[in-house]
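Protein chains in written order, with this note's numbering: chain A, 1 to 159; chain B, 1 to 159.
Treat the hints with caution; some may be incorrect.
Which copy is meant is left open, because identical chains are indistinguishable; a pair holds if it fits in one copy or across any two.
[Unchecked claim] List time: in silico DSSO-like cross-link candidates among lysine-lysine, alpha-carbon distance up to 27 Å:
1. Lys27 <-> Lys98
2. Lys139 <-> Lys81
3. Lys78 <-> Lys27
4. Lys98 <-> Lys145
It is worth saying that the hints were derived from the structure and are not from the lab.
There are 2 protein chains.
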Amino acid sequence: MRVTTHVCLTARALGANGVLIADVNDKQLVETISRVTERFGGEFSIQTGAPWRASLMRWKRAGGVVIHLTAYGIPLPKIIKTIRRSNHDKLVVVGAEKVPGELFQLADWNVAVTNQPISEVSALGIFLDWLFQHRHLEKEYPNAKLQIIPTEHGKRVQN
Amino acid sequence: MRVTTHVCLTARALGANGVLIADVNDKQLVETISRVTERFGGEFSIQTGAPWRASLMRWKRAGGVVIHLTAYGIPLPKIIKTIRRSNHDKLVVVGAEKVPGELFQLADWNVAVTNQPISEVSALGIFLDWLFQHRHLEKEYPNAKLQIIPTEHGKRVQN
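Using the sequences and the accompanying hints, generate a full structural model.
The structure is reproduced here in structure tokens:
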């Protein structure tokens, strides 16, 4: 499984409404993630291929805010309340090791999930968990074809 | 950056003492992670190549407990207090998509960071964040050669 797939599954499982994968068209990724949503329920959109800057500017023009997760930013515990208070639609940006310097300026908030080298996958998961006040972890998804039944030792799935 | 690297960086940034990478010898990974620890401080051990079952049994014989992160397990919010109460050394096991069925039996706790398909990278990050009661995110590391200075818009690093 590729890192981008990890990012998408994390976004879905922790309560994001969808993902935009910038710059790269990736039909296979769209199929993989759409199949997960079809089987496990809920709604989750995925788009790939739009240029990153244009997508971000469109988001901002529509009144949304942009949160960039980076080890260089303000520690999550210091900034999360301010972010939660914002009623605007939120776009959370994660990148690979090298992101364009411009992004640090365009983002409304640069947020550090630890000021240490970390993975964008876990940074995204922890950020969303905090954003939703640690209340998303037991959510059930409507229209699921498959549902995992929590089990102490084993695997149980309900069709 | 490979997924295993994401797992290791997440473990270090969220407060684990070290990682064991089972079965595969990976000299390059050991170098990458050791270099991060050398630059950003703290102590973090990494071992690769030991067979998974033997490592796990040795851990248990030494009095440690084993926590397996899996979407099939008990939801994190339901079980975290019990786990925190345990004074035993904790080994958190994450695997790729297919883990041996035996692991579900050998683990003291099978824990679900959501009962949804998710990434083992974000599952590990969120689990450790909860285990340490959300207090690890602003930790400073002793003996750091590089320290990131939290910044609203930009990158600042202190040597």
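Here is what the structure says about each hint:
1. For the identical chains of this complex, Lys27 and Lys98 are neighbours both inside a copy (24 Å) and across copies (24 Å), given an alpha-carbon limit of 27 Å.
2. Within a single copy, Lys139 and Lys81 get their C-alpha atoms as close as 22 Å, and across copies as close as 19 Å, so both meet the 27 Å cut-off.
3. In the homo-oligomer, the alpha carbons of Lys78 and Lys27 never lie at most 27 Å apart, since the shortest distance is 38 Å inside one protomer and 38 Å across protomers.
4. Taking the shortest alpha-carbon separations for Lys98 and Lys145, only the inter-copy value of 21 Å comes in at or below 27 Å, while the best intra-copy value is 39 Å.
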